[in-house]
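Residue numbers for the sequence shown follow full-length UniProt numbering, beginning at 1 and rising by one.
Simulated from the structure, these hints should not be mistaken for laboratory data.
Heads up, some of the hints might be wrong.
Using 25 Å as the maximum straight-line C-alpha spacing, the simulated BS3-like pairs for lysine-lysine come out as follows [stated by the list, open to error]:
1) Lys104 - Lys83
2) Lys104 - Lys120
3) Lys45 - Lys63
Predicted model only: the values in this text are computed from it and were never measured.
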Amino acid sequence: MGKIKLDEIDHQILDMLIDNTRIPFTDIAKKLLISAGTVHVRVKKMEEAGIIRGSSLMLDYKKLGYSFIAYVGVFLNNTSQTKFVLERINEIPYVTVAHITTGKFNIFCKIRARSTEHAKEVIFMLDDIEGVYRTETMISLEESINDKKRLMHTIFNEM
1 MGKIKLDEID HQILDMLIDN TRIPFTDIAK KLLISAGTVH VRVKKMEEAG IIRGSSLMLD
61 YKKLGYSFIA YVGVFLNNTS QTKFVLERIN EIPYVTVAHI TTGKFNIFCK IRARSTEHAK
121 EVIFMLDDIE GVYRTETMIS LEESINDKKR LMHTIFNEM
C-alpha cells in the first residue's frame, strides 16, 4: 500500500489529536473553522486508511507503584521457538514491550515492576519459559525521554 496523502487540515487535526487524544471534535472544529462533521469524516477516513489506530492513555506508573523499569534481552535455544516464546511472554502482564531483534538477543523486552524483588520474579518468569536459553537484564536508572509526540509532529511536518 502506498503512502497516504494528507492535506493541511488533516495535518492540523492530527497535530491536535497528538497533543490530546481526548480533545472533542467540536473543539478541533472551532479552532480550524470547520464543522465538527468534517472533523469526524476526516478522522474516520484516516482510521480506515490505518493512519490512526485507536488512541492511547498515558499513565504515571510511579504514582501507581510501578516505578521500576528493566530491559531484558532473551536468548532462545532455537529461533524457531520465537513465536511460542512470544506467546508465553504475552501472558506476563509486567512485560509491556517485546521486540524480535537482530544482534545479541532474539527478543528484547521492557518490564515494569513494583520493586527489585518484583522485577526478579518477572525475570524468573521469563527464564522459566520453555525455549529460553538465558536472559540478560539492564536496570533503568531513569526514563529520561519517553515522548512519542515529538516524532509524530516531525513525521507530519515532513509530509
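Against the structure shown, which of the earlier numbered hints fail to hold, in ascending order?
3
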